[in-house]
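So the chains spell out like this:
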Amino acid sequence: MSSPEQWTHPEPGGGPAATAATPTREQVLAGLRATNEGGAELVELLTPEGERVANPEFDPYVADIGAEELRRLYRDMVLVRRADREGNALQRQGQLGIWVPLLGQEAAQIGAGRALKPQDMAFPSYREHGVAWCRGVRPEQILATFRGTEHSEWDPVAHRFHPYTIVIGNQVLNATGYAMGQRFEGKVGPESDAEATMVFFGDGATSQGDVHEGFVWAAVYDAPVVFFCQNNQWAISEPTERQSRLPLYQRARGYGFPGIRVDGNDVLASLAVSRWALEECRSGNGPVLIEAFTYRMDAHTTSDDPTRYRLSDELEAWKLKDPIERVRAYLVRNGLAEADFFEQVQVDADQLASELRAYCFSMPDPPADRIFRNVYAEPNPLLEKERAEYAAYQAGFEGGAH
Amino acid sequence: MAAPVMDPKVTAATQSTRLTMGKAINLGLRTAMERDSKVIVMGEDVGKMGGVYRITDGLQKDFGEQRVLDTPLAESGIIGTAVGLAVRGFRPVCEIQFEGFIFPGFDQISSQVAKLHYRTQGMLKVPMVIRVPFGGGVGAVEHHSESPESLFAHLPGLRVVSCSNPVDAYWMIQQAIDCDDPVLFFEPKRRYHEKDEINTEATPYPLFRSKVLRPGSTATLVSYGPLVKTCLEAANAATEDGHELEVIDLRTLSPLDLDPVFESVRRTGHLVVASEAAGEVSIASEIADRVQRECFYSLEAPVLKVTGFNTPYPPSKVEDEYLPDLDRVLDAVDRSLAW
Amino acid sequence: MPDYKRFPLPDVGEGLVEAEILTWHVQPGQAVKVNDIFVEIETSKAAVELPAPYEGVVTELLAQPGETVAVGTPIIVFDIDPNGAPKESTSDSNGTKIGEESAGGRIQSLVGYGPKTGAATRRARKGATATTVVEPPAPEPEPVVTGGYVPLAKPPVRKLAKDLGVDLRSLAVEGQVITRDAVERAAAPAAVEAPKIVSAGERETRVPIRGVRKATAKAMVDSAFTAPHVTEFLTIDVTPMMDLREKLKRHPEFRDVKVTPLVFAAKAVCLAVRRTPDINAVWDQANGEIVYKSYVHLGIAAATPRGLVVPKVHDADQMSLRELAEAISALTVKARDGKTTPADMANGTFTITNVGVFGVDTGTPIINPGESAILALGAIRDMPWVVDGQVVPRKVCQLSLSFDHRVVDGQQGSEFLADVGALLADPSIAITY
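Residue numbers (my numbering), protein chains in the order written: chain X, 1 to 402; chain P, 403 to 741; chain E, 742 to 1174.
Since the hints were derived computationally from the structure, they do not count as laboratory data. Just so you know, these numbers come straight off a predicted model, no measurement behind them. There could be a bad hint or two in this list.
What the hints assert, rightly or not - Selected chain X positions facing chain E (Cβ under 10 angstroms, derived; list incomplete):
#, residue
1, 22
2, 98
3, 302
4, 303
5, 304
6, 351
7, 353
8, 357
9, 398
What the hints assert, rightly or not - Each pair of labels, with its calculated beta carbon distance range:
#, chain 1, residue 1, chain 2, residue 2, range
10, E, 861, P, 472, 54 to 60 angstroms
11, P, 543, X, 209, 21 to 27 angstroms
12, E, 866, P, 723, 37 to 43 angstroms
Quick reminder that beta carbons are idealized off the backbone N, C-alpha and C, glycines included.
When you get a sec, could you build the whole thing from the sequences and use the hints?
Listed below in structure tokens is the structure:
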């Protein structure tokens, strides 16, 4: 009987062939398990129960994370989750056209976000409100995109955080190009001001050509880019096995650079591996692929209904792996945080939520002439004419422009 | 401003030299790269080989591999990484080997290149150039003779230009690189070998303006890219009939600069637009629309288009039937005059 | 004082228009905090729980479970200030925030309306000068080539000018668009104004010479003093024609058409022209040619409120009796209504003037310029006539034909008139043609 494990590590000549194009049941299950379970190579420093486990390779990268730092990471995750829930509620209250929830992915994002140095650059997809938080982008600034008052509101250069990219996978190429630029400008090497780039995308995106082309370019040009894939198991209604036969981190091997799978619900592991990966890139050993193994606890967006395609017991199983709970358990069990700390965090979270709410309620609509602004960097007489004609048309109505 | 590296073909005595369009673009690229170290050239085979049409010949040798990149074979990758480089502060000049292969990159062009400035309210700029050889008449296989320029002119946020002669090619490529907006730069491949005198000290004509190449009073002929020469030849032939045709080179397709066309039509009352691209939903259609609005009271005849047929580009043995030639242009002129 | 907020059903899925209320999680009187789940709804995409937008007390539930509600319809009322002091009502609709009810009863909701449903309504425009196109600052104009601009005209006007042989350049005024009226005026003078009466004393009335009167006068003078006129007369017994007329009245093909003596005359002329083509020719002094025409454009003189107009039945010789009757009828109506166009009046080859309608027997008509003959048709009366040696009352009519003696000799003129007379006297002769 062919080994199911070999099914997920297909080596030429060594692996089992599916006889007459029909894989065995074991092979199929092995393949499914490979994409659905963490697997033996999963890097984890904090278990779902809140137990710290030793990992000689990556422990050094969080050696500086003491009680205070861990409490800060905890607070980060609680606040980010609270803002996320408030965004969701605001959509249900008609204040936002749509909200993209990150519920369940706080650890992956805070871990990666806190690993970035100020000189690094981040390219998100459209769910990385946690990384945005780490880059100094307030939740209020994210509202505009989902409320429809602007496409993107924060300054990407000042925050070193690119606008959200809605076309799946585009940002992977853009980030790779940016990283190539870092190398061309000599910002890769041993100096303390060396730079790296981190680009975020999901499991679904790994099927897009742009992502693969990004891998090719990054490998060929030794670009200092960390490909951070949040495998949250679902691309709207399609599970990961619809995107890949084998675990996503193993794809990197095909392009010639390291791939590593980390427990995406473990903020310490996410932080440690991200730090390692960014260091590798900064010093010229890039690129690196990180697969953060996590779960999308909520729907794809507020327009989605997950009950149509996934089973609630899967959700229940992942609730037991909650990223915030395990840190709380660890802090409490080891006496690293008192009750008043947790209360204060709750107060801060509620404060954040009500500020977000108040801000959202009072956001003004953009004026009609926003339509015509910033289409080009240089003047365009035809657009000017069009804008003027529209203004004249509007002036012909009672009450002026609507 | 650094002194230009002297190409052997540039004579010492004057700054004027006789160059093919291909060499003119090469010199324009070189000059731009010398002026600004952020200008980089990237594309398939552009480095060591100097490009399939030798447009980038010699540049990697002089500027190095970090300024002239031989890229992996993927148009989306070329354009997508160029966007990232532009965000970083570079001014990338991408080459797409043939217009028929630009489509894998259309997503990046439409979703990122054209929209990033608008999306970020001007906080991010995309000062990149995408150079594309286009047009037919070279006896090539499929996908090497097309004219997709209207697909790009239709995207707000992009600028689209096309040179028709070596002098324009030399100046326009530099101006496109200088422009802070993304520019699609369509080069008529069947004119790559045409020669002309180029005076590198001259004052360049503005990039986004069309130009009257030949004055006339009987009818107006408008074109761009490869058919401009055909229109000039048609105008010469038409003098035998006693017709003086005014020929206008559009040069810029987005934004269109039609004021000279309007002024001309108000005098002649007759307009013929010639382009290789299929006529339906084309640049020529757009010109007809604007002229009928602006010059409604001056038109003696409807605007006539002389274009490729609404078919995919045919096998090269019949491409001469497909491509507008001097006779088809003059036939349209005659039909217009007889209206 | 309570502060009531009516909360409208939001669009929870990017373009939904309605949802069904599934279950209420609250009841009136219940206190809620922000984001407490208060209802579950079902849309075409999903079942969704809605969190409370306010903190307060539920006042009223406005929809029933199982009811389908359109997006934007208020579904619940919260009192967000159950114990508060009286407030002023906000009546400024522009100042209401999202979620509040404005004076007009509209709920301000950002995306709560989803795609716009219901009939679109128009916004009120300002004043009459609504559509003014603003000219944006124009770039410096290119040096303009002096002269040589195409005269400005709309395409249909350009065509009209071509048809009427008007050169637009003669009408061009710089910067002005040439109108249809200007072209028509240039083609054929036609003024519609009522003559102004200028009194220069009690016993005189002065009317300025203009319009149709002026045109008619000119035509008459041109004709009378250029073409040597000869007029011949013929009196005929048209009783058989009148009998035929009665017969045709009962004929199914002619039931709805008036076949008048004028119609018969038109037919007779068209037939007679075949035997005497000179009558349909014209003297072209300028080119030194007599132009023989193979078509008959028959002019029918008509008295109208504007004066004398002579619209043409084009290609009358191709028409059947019925067609002639219809054409003449149509022309007459049009002329009476003053709607005869210059095109109608162009290119005639022969004219009939029906003086009979005025009760007049005959006359010496003046030929229309461009033609060589004109026939006057007199009144039809009962007159004594000799039939088979007996004097009996018959229907009698006088014809008079003026012709241009440069083109038509006495013999041709006489033969033509005789033929016309014979046909009208005995229409059965037509079968011999």
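Going down the list of hints, with the structure as the test:
{"no.": "1", "hint": "22", "result": "37 angstroms, violated"}
{"no.": "2", "hint": "98", "result": "6 angstroms, holds"}
{"no.": "3", "hint": "302", "result": "6 angstroms, holds"}
{"no.": "4", "hint": "303", "result": "4 angstroms, holds"}
{"no.": "5", "hint": "304", "result": "7 angstroms, holds"}
{"no.": "6", "hint": "351", "result": "13 angstroms, violated"}
{"no.": "7", "hint": "353", "result": "8 angstroms, holds"}
{"no.": "8", "hint": "357", "result": "7 angstroms, holds"}
{"no.": "9", "hint": "398", "result": "4 angstroms, holds"}
{"no.": "10", "hint": "E/861 x P/472: 54 to 60 angstroms", "result": "57 angstroms, holds"}
{"no.": "11", "hint": "P/543 x X/209: 21 to 27 angstroms", "result": "24 angstroms, holds"}
{"no.": "12", "hint": "E/866 x P/723: 37 to 43 angstroms", "result": "54 angstroms, violated"}
Of the numbered hints stated above, those contradicted by the structure are hints 1, 6, 12, listed in ascending order.
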